[in-house]
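Q: Given chain A, work out where chains B, C and D should sit, using these hints.
Which chain is which? The protein sequence lines are A, B, C and D, in order.
Under my numbering, the first residue of the first sequence is numbered 1, with each subsequent residue one higher.
Under my numbering, the first residue of the second sequence is numbered 1001, with each subsequent residue one higher.
Under my numbering, the first residue of the third sequence is numbered 2001, with each subsequent residue one higher.
Under my numbering, the first residue of the fourth sequence is numbered 3001, with each subsequent residue one higher.
One should not assume that every hint holds.
What the hints assert, rightly or not - The calculated lysine-lysine pairs, modelled on PhoX-like cross-linking and capped at a C-alpha distance of 20 Å, are:
1) Lys2152/C / Lys2165/C
2) Lys1077/B / Lys1054/B
3) Lys2165/C / Lys2086/C
4) Lys1117/B / Lys2038/C
5) Lys147/A / Lys100/A
6) Lys2152/C / Lys2174/C
7) Lys2135/C / Lys1184/B
8) Lys3054/D / Lys3076/D
9) Lys2038/C / Lys1092/B
Stated by the list, open to error - Just a sample of chain B residues kept apart from chain D, beta carbon distances all over 10 Å, derived:
10) Glu1065
11) Thr1118
12) Gln1189
Claimed, not checked - Examples of chain B residues lying across from chain A (beta carbon under 8 Å, computed):
13) Ala1025
14) Tyr1032
15) Arg1033
16) Leu1036
17) Val1212
18) Arg1266
The set of hints was computed from the structure by calculation and includes no laboratory data.
C-beta: ideal position from N, C-alpha, C; glycine also.
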Amino acid sequence: MFRRLTMQNRRQAIQHSAVVASLLSAAGWLPTAAQAAPNKAAFEAKTVQEAVKASGGANISESKDVTLTAPDIAENGAVVPLGVSTAMSGVKHLLILVEKNPSVLVAVFNVSDAVDANFATRSKMGQSSDVYAVAIMNDGRALFAKKEVKVTLGGCGG
Amino acid sequence: MRQALIPVALAMVLGASPVLAQKTASQGIDEYRAMLQDGNPADLFEAKGEDLWKQKRGPKNASLEACDLGQGPGVIKGVFVSLPKYFADTGKVQDLESRLLTCMQTLQGFDPQAIAKTSFGSGEMANVTAMATWVAAESKGMKFNLSQSHAQERVMYEVGKRLFFMRGGTHDFSCASCHGEEGKRIRLQDLPLLTKNPGDGIGFAAWPAYRVSNGQMWGMQQRLNDCYRQQRFPFPGFASDATVALSVYLGVNAQGAASIAPAIKR
Amino acid sequence: MNTKTRLTGLAVAALALVGCANLPSVAELNQITDQMVKASFRTQAHVNVERLTQTDDTNRLCSEADASGQPLDEKVAKAIEETNLKAIRWPSNGQFIGDWKRGETIAQSGRGLTWTDDPKMANGGNCYNCHQMDKAEISYGTIGPSLYNYGKIRGVSDPSSAASKPIVEYTWGKIWNAKAYNACSNMPRAGHMGILTEAQVRDIVGLLLDPKSPVNQ
Amino acid sequence: MADPMRIRAQASGDKAIVRVLMSHEMESGQRKDAAGKIVPAWFIQEITASHNGKVVMTSEWGPAVSKNPFLQFSVKGAKAGDKVSIKWVDNRGATRTDEATIS
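Next comes chain A alone, as it looks inside the complex (with noise of 0.2 Å):
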């Protein structure tokens, strides 16, 4: 079915990480292989490159065809509207990115025709930090769109 496609693109698209997740797998490191994750080290990934790099994306560059929705000041950093667009063919994935975030991976998702390339969640943020929006296409080029969202706490600062 449809799943089993997905795990297989994405076993395709992220061969390193998946040989990783079969060795702990095989290690008896992991829990179950239906409840690891796939793209577990893309998740742990520290910095935007080595995220995107898990993804299955290379030679990640600045595109104007890459649009990020975010605010420019969220009074909380415990919920901050995000959003990730291209009007684009030929996407594969959209990612969201908080870099300043312990791993810097919000969201990963998997475009298909049924759909537009076009996603809104929330993201929880610890501090102040540059957002990305990243589109990886089919052939593996990382499109990316930038933006810093300044994180405020209001209140009696109690």
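A: What follows is chains B, C and D alone, placed relative to chain A:
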């Protein structure tokens, strides 16, 4: 943590001109708030509350569908904007949450004292908040119109007014210290004036609300509880007469304000 | 009239007896309020209920004036100010000016004395919640007046000079007990109520009056 | 069991906009409890969206997604009356599926 974050984050916004930067910061925060309006997680609690209301629960295995919130058994629409009010069966003025406790006791056989002692967000207390969220949502957009026809309702208003202006604790704060003048703020947080509409429409008429900062759903009781905590006051009992009296004062002051509850707040 | 017996019970009982009669008198309403406060609030952690049930005359008289919408009688206001002025503790070592850097940290902090605060940790001054101070901090409240350039505006170029003495003393007194100068001020009595220690008050005075402090740049 | 999701799906031109709210703690794994111990990460890890039974989108999340998560996307060619279902699986293996009718 908090204190450390504010200056760091805001120093970056500051740039060369503080006046300009400040305007930008508050505009930015308005934009941020607007982005959150669509998709308020209060919806989740609203759905849970409706479900709980209709479920057979408690020692008596009954639903709350026969509960009278002030407009007759089972009537939900419009009750939120008329509470607190006097109830003849209990002989008391009650707010939404204390009335829910009464119904949970009489219809379902729950122990209201035990629920009132439960911490916010856990056990049956979380269920009361969810049901209050649903009941409030059913009156969204309707205008506040509290009754002052019963003598006890008028007494509660007068007592509520005294509580609003009551200075105490280590810091001599009253509710009015922060909410008694128009156009004031704590740090960058705007403070609604709660002695009249429209200020009170933003303040009183917005709770229950989803708190973004901690991902919690708060009813009016928890809102007042946390105000009192920050006032350095002792702990107000859940559904205690003082909290109801204060709600009567705020609710009457909100006369004519359209309810925006359940809102989404910082 | 059985007002007394009526009001000695719990507030709830008092209310039930009010029934459909006219609104009780102001004095009766004040008593019903006191009863209701006693019945509704309780001690939590280190926050004792007496903080509310045994508040002093200053708070009681100001609260009553606020609720009535009438300003305090001038004589009463003067008496409150005198009582509070007498209660001010002046610096035990004669030093009014402390470290403005520590003062800034205290001014930034809003923690302390709530039932969720750890009483072992130092209390904050809550200053920025209500006042502008260092111009670089744009997250400031507006409940109190701006204190930016507080010392500079008042011509304090040397806080230890004789010319500066009145303003230095006033500043100490105002922070220690704001009600000594304005009976029903919204400002907490930081020293008087034990919110800040003497050393902390000294550092705040330094923040306001030291010509090197960012407040005076 | 986890509380139900709220799914709003509205037809708009030749597509439907889907907005989902999920009830989940989304514990980051960075936070300490009162005793100073790290609260282990607990978060929704995989999302699968289906349109009339056919999978149209999958997504993977880390623990940085906010508590009570929100997700918005658009399904091409979806019209009023069609069914949209959302399934999530968290890192403890718990799962929940809810369905909504496009209005």
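Q: State for each hint whether it applies.
A: Results of checking the hints against the structure:
For the given pair, Lys2152/C sits about 14 Å from Lys2165/C by alpha-carbon distance, which is consistent with the 20 Å threshold. Between the alpha carbons of Lys1077/B and Lys1054/B the distance comes to roughly 15 Å, so the proposed pair stays at or under 20 Å and holds. With a C-alpha separation of about 19 Å, the suggested pair Lys2165/C and Lys2086/C falls inside the 20 Å cut-off, and the hint holds. This hinted pair checks out: Lys1117/B and Lys2038/C have alpha carbons roughly 17 Å apart, not beyond 20 Å.
For the given pair, Lys147/A sits about 13 Å from Lys100/A by alpha-carbon distance, which is consistent with the 20 Å threshold. Straight-line distance between C-alpha atoms of Lys2152/C and Lys2174/C comes to about 18 Å, which keeps the hinted pair within the 20 Å bound. For the suggested pair Lys2135/C and Lys1184/B, the alpha carbons sit about 18 Å apart, so the restraint of at most 20 Å is met. A threshold of 20 Å between alpha carbons decides the hint, and for Lys3054/D with Lys3076/D the separation of about 13 Å falls inside it, so the pair holds.
Our distance criterion of 20 Å between C-alpha atoms is met by Lys2038/C and Lys1092/B, whose separation comes to about 18 Å. Interface exclusion of Glu1065/B from chain D stands, the closest Cβ pair being 20 Å apart, more than 10 Å. With a minimum CB-CB distance of about 18 Å to chain D, Thr1118/B clears the 10 Å threshold, and the non-interface call stands. Even its closest Cβ contact with chain D, about 21 Å, leaves Gln1189/B beyond 10 Å, as expected for a residue assigned away from the interface.
Evaluation of the Ala1025/B hint against chain A yields a held restraint, the C-beta minimum of about 6 Å falling below 8 Å. Checking Tyr1032/B against chain A: minimum C-beta separation of about 4 Å stays under 8 Å; hint holds. The closest approach between the C-beta of Arg1033/B and any C-beta of chain A is roughly 7 Å, which is under the 8 Å cut-off, so the hint is satisfied. For Leu1036/B, the shortest C-beta to C-beta distance to chain A is roughly 6 Å, which falls under 8 Å, so the interface hint holds.
At its closest, the beta carbon of Val1212/B sits 5 Å from a beta carbon of chain A; the interface hint therefore holds under the 8 Å criterion. For Arg1266/B, the interface hint holds, since its Cβ comes within 8 Å of a Cβ in chain A; the closest pair sits about 5 Å apart.
Violated hints: none; the structure is consistent with every hint.
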